[in-house]
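Novice: Given the coordinates of chain A, work out where chain B should sit on it, guided by the hints.
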Amino acid sequence: MFMAKANIKEIASMLWKAPTDQNWEEFSKALKGSGIVYYKAMFANEGKLSKMQDLAKSSVELYDSRFRPVTSVPIFKKEGKRLRGATIYLEGLKVSNLVD
Amino acid sequence: MIKQDLKTLEEKSIYIIRETKLKFKNVAALWSMGKDSTTMLALTRKAFLGKIPFPVIHIDNSIDFPETYAFREYLAKKWNFKVIVGQSEIKPDLVGSACCGKNKPETLKKIMKEYGFDALIVSIRRDEHGIRAKERYMSPRDQNFKWNYKDQPAELWDDYASKLDVKGHIRVHPLLDFNEIDIWQYVKQEHIPVNPLYFSRNGYRYRSLGCTHCTIPLKSNAKNVDDIIRELESTTQEERSGRSMDKEREYTMQKLRALGYM
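Line by line, the protein sequences are chains A and B. Count the first sequence with our numbering and you get residues 619 to 718, in order. Count the second sequence with our numbering and you get residues 3 to 264, in order.
Keep in mind the hints are simulated off the structure, nothing from the lab. Beta carbons are placed, not taken as given, at the ideal position from N, Cα and C, and that holds for glycine. Worth double-checking, as some hints may not be accurate.
[Stated by the list, open to error] Covered stretches of chain A, as calculated for chain B (at least 3 residues, CB under 8 angstroms):
1. 628–642
2. 650–663
3. 708–715
[Stated by the list, open to error] If you want the ones that stay clear, here's a sample from chain B, every Cβ over 12 angstroms from chain A, calculated:
4. D66
5. R74
6. I92
7. E137
8. N150
9. Y162
10. K190
11. L199
12. Y208
13. H215
14. K221
15. V227
Pulled out of the complex, with its shape left as it was, chain A reads as follows (with noise of 0.2 angstroms):
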């Protein structure tokens, strides 16, 4: 389980450097086995998004079974230009309205 959450922060820090498929793909397949369970998903500006950077700042927050902090990652992937959201990848996670 430690490893598996190491490996999960790794990727999770190669995403935001660069939120392409690619490393999507491969957070998908470490998300399994890694212990996590819940997300909730955060804009940033309290969710008023004016500028591109605020959206570049907006992060899924992930929580172990406890509701624990795991890691973050961006809530976009990059296709080439073009940002689109990327919460189809958490696919198989809970919605945690615990956390505030």
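Specialist: Chain B alone, transformed into the frame defined by chain A:
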């Protein structure tokens, strides 16, 4: 909340769905994976002996909930229907009402043009919002998707506007008469699968589903359909109180719908 006769509601909806398939050449339905559009698909299956005889469109802004994507894959396989996914780009300058008012209709416009659909079934209900209460069962839209809510055809004696005067399409609303509680009663009666986000976890649940950006959960302990029905019987809270775009300004929703929002 007033409960209505489910049999009467079902018969009317099935009649409208069948009329739509009969009167139009190329029909599609919008599906958000929410309770209303999933109920519409269940009614369609009932109308056409277990089949959904037209494609179903999901306008995906790609920040929907992962549970929603999983539900899309699950139900499309279980009920065996074709899903057209229209992906829209995220633009940070277009958020809230601007995001829904521009990104989603723009993507829908592209799909409508590409496939040449002349009728689009949308699962809105009159009790959801004041502006949705102004809708007709069959409502014309021009080629720019604009809706003139001040000049709408009368629908007397089941005579619907199934012919277009101008180039555009017709929006069909077979669930207009349903209330929120009727939808849940029908979900219970017909054992319709629904998105798990509607059920309470950790004391919160989603009552109306949008994307991760603009949907907020509400306090609730309703863990199954029976609990939800009981909760709705006594609540005074609005259904869309967890949807941020409804709160931005007065008439926001009216402006959105006039511009083509679903």
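Novice: If a hint holds in the structure, say so; if it does not, say that too.
Specialist: Hints, one by one, checked against the model:
no.	hint	result
1	628–642	violated (count 0)
2	650–663	holds (count 3)
3	708–715	holds (count 8)
4	D66	violated, 6 angstroms
5	R74	violated, 10 angstroms
6	I92	violated, 5 angstroms
7	E137	holds, 29 angstroms
8	N150	holds, 32 angstroms
9	Y162	holds, 37 angstroms
10	K190	holds, 24 angstroms
11	L199	violated, 7 angstroms
12	Y208	violated, 8 angstroms
13	H215	violated, 6 angstroms
14	K221	violated, 9 angstroms
15	V227	holds, 19 angstroms
In the structure shown, a violation is registered for the earlier hints numbered 1, 4, 5, 6, 11, 12, 13 and 14, in ascending order.
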